[in-house]
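There are 2 protein chains.
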Amino acid sequence: MPYFDAASSVPLHPVARQALVAALDEGWADPARLHREGRRARMLLDAARETAAEAVGCRPDELVFTPSGARALHIGIAGALAGRRRVGRGLVVSAVEHSAVLHAAAAHLDAGGTVSEVAVDRSGRVTPSGYEAALEEDTALACLQSANHEVGTEQPVTEVARLCAGAGVPLLVDAAQSLAWGPVEGDWSMLAGSAHKWGGPAGVGLLAVRKGVRFAPPPPADERESGRSAGFENIPAIVAAAASLRAVRAEADAAAARLRAVIDRVRARVPELVPDVEVVGDPVRRLPHLVTFSCLYVDGEALLHALDRAGFSVSSGSSCTSSTLTPSHVLRAMGVLSEGNIRVSLTPGAGAPGSAASVEEDVEHFLTVLPEAVRGVREQLGAPRAPGEPRRPVPPSADLTVDALGTLCPVPVIELAKVIHEVPVGGVITVLADDEAARLDIPAWCEMRGQEYLGAEGTSFRVRRRA
Amino acid sequence: MPYFDAASSVPLHPVARQALVAALDEGWADPARLHREGRRARMLLDAARETAAEAVGCRPDELVFTPSGARALHIGIAGALAGRRRVGRGLVVSAVEHSAVLHAAAAHLDAGGTVSEVAVDRSGRVTPSGYEAALEEDTALACLQSANHEVGTEQPVTEVARLCAGAGVPLLVDAAQSLAWGPVEGDWSMLAGSAHKWGGPAGVGLLAVRKGVRFAPPPPADERESGRSAGFENIPAIVAAAASLRAVRAEADAAAARLRAVIDRVRARVPELVPDVEVVGDPVRRLPHLVTFSCLYVDGEALLHALDRAGFSVSSGSSCTSSTLTPSHVLRAMGVLSEGNIRVSLTPGAGAPGSAASVEEDVEHFLTVLPEAVRGVREQLGAPRAPGEPRRPVPPSADLTVDALGTLCPVPVIELAKVIHEVPVGGVITVLADDEAARLDIPAWCEMRGQEYLGAEGTSFRVRRRA
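Residue numbers (my numbering), protein chains in the order written: chain A, 1 to 467; chain B, 1 to 467.
Treat the hints with care, as some may be off.
Ranges of calculated distance between the beta carbons of each label pair, as one might list FRET restraints [to be verified]: (1) B:A82 <-> A:D253: 29 to 37 Å; (2) B:G450 <-> A:G112: 57 to 65 Å; (3) A:E26 <-> B:E272: 30 to 38 Å; (4) B:P14 <-> A:A310: 34 to 42 Å; (5) A:R210 <-> B:A82: 31 to 39 Å; (6) A:E26 <-> B:L405: 40 to 48 Å.
Chain A residues, not near chain B, derived (Cβ > 12 Å throughout) [as the list claims (entries may be wrong)]: (7) E50; (8) E223; (9) A247; (10) D399; (11) E436.
Computed list of chain B residues with no C-beta within reach of chain A, every gap over 10 Å [said to hold, decoys possible]: (12) L20; (13) R71; (14) T114; (15) N234; (16) D264; (17) D308; (18) E361.
FYI, nobody ran anything at the bench for these hints, they're computed from the structure.
Keep in mind that this is a model prediction, so the values were computed, not measured.
Idealized CB from N, CA, C, for every residue including glycine.
With the sequences and hints as input, model every part of the structure.
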């Protein structure tokens, strides 16, 4: 039963498990106490901090542990904004940051601050010049992920950090997805990570704040972790997090080379095996273990369930697969197809957990299962067949309206595809659709099919037949 | 090596350890994901929530897990204050709440809110009428601990909850110290707890918010835990927390009866064995496992180290034993002696961890070690001997000034005690002292010695000899 959702959470690394269990007996006491149990706990905590700091590339006294990566980001953003309040209230983020960053940005906006969102290209990457343009006199903080969690694209952190340093603006790097693979290069000011993304236990995030960065931890005050992260320290988990980060790093280069080849194969084979697929994200400057693709005329949740029944655990950025009914903000910002979206992310390490096979065998098996799974979902949805199938004769009348109001992704696109050949070349189809995903998927379909997207007005989308 | 600091942190209960290790294999995935690993994690989380809710006495959908007890309090207080912002910005707390509550209150004050602190008597207990008087038209929230973490005194939660309900004000109960012993009675609105205080793992707090309580979680938004606690759920630890709470509860009555008798013996024997001791906290309406006493003419940190060398791990609310150099706010609010303060808190369960002996044997051993440890510290400090020792003849001059500026607790009191018999009855001694603890310890000494405390002005404390 191969698990292909490592970007959500990685199963516990054997070293993490071992360290966690070992530390349960020594690390339960309050490290602030002066008695021997407290001193023992403090020693474990100090040692874990040194190990983690070395892997991150900072001084131990620059690094604190938080209860999660989300908290590290929340505290980091709030602390830097408060620390530089006199400079101004400007916050710069990329459009494809993790939701923890974007929610912190929304909270900052609600509190009267300003937020600039730096756009990305179709591969999901920002440009350094995009950041340069966004930095203003009153910019207190800029945030940029090291690599994207949904499509794997690596960001130009070194260049952006240089620009930020030049402008005197601290740069907070969300390194959650990349920390397993290596330290973040460049002159960053702050860095956040999350242990369960590298094979450490849940319950541990880390936040590094370089000396010299003005930082005022968000209230309420608390003495733990240099006043930067409230609450009793979770020492056994912290010990396990630090030990596993070191272990994962020792294996990183070999794992990256191996998984990069496997993912390259997925990127090449999926479009050959499955018609009407868009593989998204940068093909080269990307995380080694992750690939994302979207399938036209497919309901992401249905495909996810079909793959789950076939034994493959993947995730999806399609709408309907989360509680929000909106497609992933990352796919939206990239302007790529969101329907039938599937992310495959492999666990660094030999085979996928729970699988007796190697990751290469698991992925080959996945490639044999995927086409059938997609075909099944398309059939159920009544999706149009391949372009070759016989078409009804085109009537002389030019324009046509399709009412897809009240239907959800991918139905509006399917309805559009069904009738596109019922108007003559040059004719216009108006699709009425109120599903959020239509705004993304109708233009994406047009691009994939060589049709002309004329734009939308409210719930009315206009497409001119070109082919 | 007996561990007597259970009120700081309890070693992992065997059930917690077992559940934690078992859940490591099943509980690492993202419970928000639809694949089988995600569903498995979600089932574990749901089951743990039901178990914890039953122990707390609320519905599962009223309870969320947080990364710590401190976070549960911070989120609970901020959420209730924001949810009832239209009512007003008044917050009522007792003077002896945990610092997490008092720091949240300070943050609320800084943000423009108002805070009323309800005083306690010398046993550390609030009166219901104290809360009644504090509730105003604009009171958004009241907070009261179920029992005090430093002196063990139980608070009149049921009565205060009734008054709050009558006034339409939600009551948040900090149940961190009592949850191991049983559910909190009464019509409370919100409740916070911390797993490592009952033998669960670190990294888990809980927050219950009854249906109908207006609650607006503090930003940034996050979908986890009903939007009330940001960050990836620490499911193995949550499973262990819930399982151990149930296990601890099953043993609670027997453990309470046993430890209550042991603590009663400490309360009775310490004043017999050690001269000039004040046992503080309510002798009857108290936590079963905890006792606190203060020793005149003793440096708390030195005594703690002496006991640690003798193999006993205790904690102290004296100044100099934390980074703050101020005595515990609890002892200050009670107006009791703070010097030479020692808290003994026993682990519910057979013997103290690490000890081959029973808790009864460990405590008997402690009672034989304590007098010598106190004597040693007093000797080092040059404390006055017992009242019986020969005194110098009293000179005719009446008043006297002792300069103890720059010295730390317990030196100012020792200096005062050394000279009290050098003035005639009715004469006045002025002690110059700038240590924070003097404000507490000089009046407490006067009360213990039957001398008259005339008051303080700046760093000048005046005492009239009466005996």
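Report the numbers of all earlier hints that the structure fails to satisfy, in ascending order. 1, 8, 12, 13, 15 and 17
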